[in-house]
Each structure stands twice: as C-alpha cells, then as structure tokens.
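Fit chain S to the known structure of chain X by using the hints.
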Amino acid sequence: MLELKNISKEYNKRVILNRVNMTVKNGKIMCIVGESGAGKTTLLRCISGLEKIDGGQILIDGKEFDPYSNQNNDSVIGVVFQEYQLFPHLKVLDNITLAPTMVLKKKEVVAKKEAMQLLDGLSLTDKADLYPYQLSGGQKQRVAIARAMAMKPQILCYDEPTSALDPGLRDTVKNIILDLKKSGMTQIVVTHDMEFAKQIADSILKVKPSRS
Amino acid sequence: MSYILEILPSLLEGAQLTLKIFLWTIIGSVPLGLIVGLGLTSRLVPLKAVLKFYVWLMRGTPLLLQLIFVFYGLPLIGNGALTLQRYDAALFAFILNYTAYFAEIFRGGLQSIDRGQYESAKVLRLSYWQTVRKVITPQVLKIVLPSIGNEVINLVKDSSLVYVIGLGDLLRAGNVATSRDVTLVPLILVGVIYLLMTAVLTFILRKLEQHYSYWK
Chain X
1 MLELKNISKE YNKRVILNRV NMTVKNGKIM CIVGESGAGK TTLLRCISGL EKIDGGQILI
61 DGKEFDPYSN QNNDSVIGVV FQEYQLFPHL KVLDNITLAP TMVLKKKEVV AKKEAMQLLD
121 GLSLTDKADL YPYQLSGGQK QRVAIARAMA MKPQILCYDE PTSALDPGLR DTVKNIILDL
181 KKSGMTQIVV THDMEFAKQI ADSILKVKPS RS
Chain S
1 MSYILEILPS LLEGAQLTLK IFLWTIIGSV PLGLIVGLGL TSRLVPLKAV LKFYVWLMRG
61 TPLLLQLIFV FYGLPLIGNG ALTLQRYDAA LFAFILNYTA YFAEIFRGGL QSIDRGQYES
121 AKVLRLSYWQ TVRKVITPQV LKIVLPSIGN EVINLVKDSS LVYVIGLGDL LRAGNVATSR
181 DVTLVPLILV GVIYLLMTAV LTFILRKLEQ HYSYWK
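In order, the protein sequence lines correspond to chains X and S. Sequential numbering of the first sequence, starting at 1, is according to full-length UniProt numbering. Sequential numbering of the second sequence, starting at 1, is according to full-length UniProt numbering.
Everything labelled a hint here was simulated from the structure, so no lab data went into it. All of these numbers come straight from a predicted model, not from anything done at the bench. A couple of the hints might just be wrong.
[Said to hold, decoys possible] Sample of chain X residues facing chain S (criterion: CB under 10 angstroms; computed from the structure): (1) 50; (2) 76; (3) 81; (4) 91; (5) 93; (6) 128; (7) 131; (8) 134; (9) 137; (10) 138; (11) 167.
Heads up, the beta-carbon is just placed ideally off N, CA and C, and yes, glycines get one too.
Just chain X, same shape as in the assembly (with noise of 0.2 angstroms):
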C-alpha cells in the first residue's frame, strides 16, 4: 500500500502541492487527474522519486519511504513517461535487459529470456531486433511498459499514457492496465482524460491548481 500524507512541493516559491493526501492499496489502480498546469505530473514526479517533496510524508506498506534517495531494489517504482524515452541506440530487447544485466546482476541469458517473455505478453515478440525509431507510438509505449515491468517495480506509473495515441489506441492501453491489474499490479495512472480515469480507476485523485 501507498500512503502520501501532506505532500507539498514548491518550484521557486510557487506552491505546486498543497497539502496532497492520498492512498494507493495494493493492485488497485487510482488515477490522478486535474486541468493542465495542476500539479498531476509533479505529483508523479514526487512519487516515483525525480523531485524532492518540500514536505509531508511518503508511506510504503506503512513503512516511511523516501523515493528521492531510496536505493533499494526491492521498492521499485516503475515509470512510463509520457514521450516513453526508450534509449535510442539500443534495440527493443537491449531497452529491456540493460536495467536488470546492470543493476539488479541477472545474468544475460536470464535477463533475455525474461524480456522475451515480457514482449510476448505484450504482443511485441517479433520487434525485439528493432530500433525504437522503427516503432509505431503505441508500439514504443509498450516496450516502455515491458521495460519498466523487467525491473519488477512494486507500483507502476503512466505520465499521460493516452495523450500521444491515436484514439484508437486507447483501448488497447486500456487492456492492458488492466490485464497488469489482474496479474497484481498496483498502478498509477496521471491522465487529463476522465473518460478514460472513469472506465480503468478504482479510485481518482483530482489535483487543483493551488493558489498561494
């Protein structure tokens, strides 16, 4: 479980964060959403430790947890950004295995059976020779899934996971948030699209733009 008390951030003295409160419990997925310019990114930003919170504090399993500084392995939290940000120069099954080969040791035989198996569950088994470039948007996005699963992340965030997709796609984004939801995946997911929050949430935050 995920438990964000009084979370504050401040960009040179402008309030970004109020106060923010909220709960994530385990496999559950709670969408954050607010207009552009409210802070839903920030706050994703804080969570998955790329901003240092100004307060408040930052619960995993009731334990205090400080994403900024956290070194430790095993409290992952995963993140598909928004641009997805796949490593240019490296092929789709290079993307996958450099995080666990370098950091989590795994041996690379071990590491590509793994990404494999995460590419076939994501229907990417035949791109794994590919570059990032030679990939459609959807299909990037999906390797920024797949890539974020391999370093097995105990929650899993999206930063606006619709908004570069034809509409089309988002439902098939759709399945598989939900599909990770099935497997136990605990999921946070920044969108400005309700409908979208509306079919996949099982809880919503709305972050408001705070005045100071």
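Leaving out everything else, chain S in the frame of chain X:
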C-alpha cells in the same frame, strides 16, 4: 626521382614524429574532453567555474604560445623542477589545448540529450556512471563525431607547430631539405604527405559515422 628517394627517408622520419604526437594527443584528449565536458554540464558551480576558466585560457591563447610556455616557461617558474623533455612538453601542451576544444564539443553534445533520458535511466535505478556509459555517451558520440573529425584534421596540421621547441617533425624535415638544396620539391612532398594523412583520417571518420548510422 632519385632526389625524391634521397630525401624521402628524412621526411618519413619527420612524419613519424608528426603521427606520434597526433596519436597520443587523440588518445589523451578525447577521453579527457568527455570528462571535462561532463564537468561543464554538471551542477557543481565551483567545478564549472574552474573548468570554464581553463577552457577560456586554452582557447583564448595561441597554441604556439602555450607550447613555448610549457617548454621554456615552466622550468623558469618551478626553478627547474617542472622541466620537461621537448617531446613530453609538446604532448603536454597539445593534450591540454585539445582537451579544451573537445570538452566544448562534448558539452554541446551532452546538452542536446533530452533530460528524459537521464530520468528514465534514474527510475530504472542505473547509477550516474552507468547512465553516462551505457545511455548518454553512445548518443553523444554520434552527435559530436563530425565536429570531432574537424578537430582531428586540424590536429594533424597543428602538430607542425612543434618546430618552435626544436622538434624535428615532417614540416621541419621539408624545410631543412628546401633550404639546403634550394628547391621546392621537399615542400611539395611535405604537402602531399599531409594530404595523404588527412585522406586516411577522413576515410576512417566516415567509416565511424557509418558505424553509428544504425539508429536515428
């Protein structure tokens, strides 16, 4: 023709020194340039200030002056403790100078990499050096290769400046022969040898660029 064969050995001997200086300068200054480039893009303000000053100094004064200073100047300052052999002094000055140019090229390359690449590496738990080695450097190399190539070609010709501290490189060998035999033939040969060297380098650089063209 027989005259050419007669002077060729001394010219080739000079070319050997030119190549030696060239190779060691590349081996020393490209990796150092990358490291200084990383420093120039870091958030450590004092480190950045020192490196900026260094780059300004190296790019702001003539290489010829730097060579003279290293060979004739350093011994005066250090009461002889800083005396370097001619060849070592030349290498020292060249590596110091070219590192600054390469650092600026790498800085540009590093700054053109999307911040998101660092962030995605960070959430995958890669350490800073793992990120630099496996994610950033391969992308930067592809970007900077054409500019590096330019400096590499320059270096072949800049190496002729070592005559000022009395080293016998290719150009000096040609000069000696020209003034001794009162003919331009040695200097023409020198030009041809420089052209051959840059032709080979141009070929190698193009191959390297092709090697990196497998991704976009």
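Against the structure, the hints come out as follows:
1. 50: Where the cut-off is 10 angstroms and the nearest Cβ of chain S is about 6 angstroms from residue 50 of chain X, the hint holds.
2. 76: For residue 76 of chain X, the interface hint holds, since the closest Cβ of chain S sits about 6 angstroms away, which is under 10 angstroms.
3. 81: Since the shortest Cβ distance to chain S is 6 angstroms, the answer is holds.
4. 91: 9 angstroms, holds
5. 93: Given a least distance of 14 angstroms, the restraint on residue 93 of chain X is violated.
6. 128: Violated - the Cβ of residue 128 of chain X stays beyond 10 angstroms from chain S, reaching only about 15 angstroms at its closest.
7. 131: Hint holds; residue 131 of chain X Cβ to chain S Cβ min 5 angstroms, cut 10 angstroms.
8. 134: 9 angstroms, holds
9. 137: 15 angstroms, violated
10. 138: Interface hint status for residue 138 of chain X: violated (18 angstroms vs cutoff 10 angstroms).
11. 167: 25 angstroms, violated
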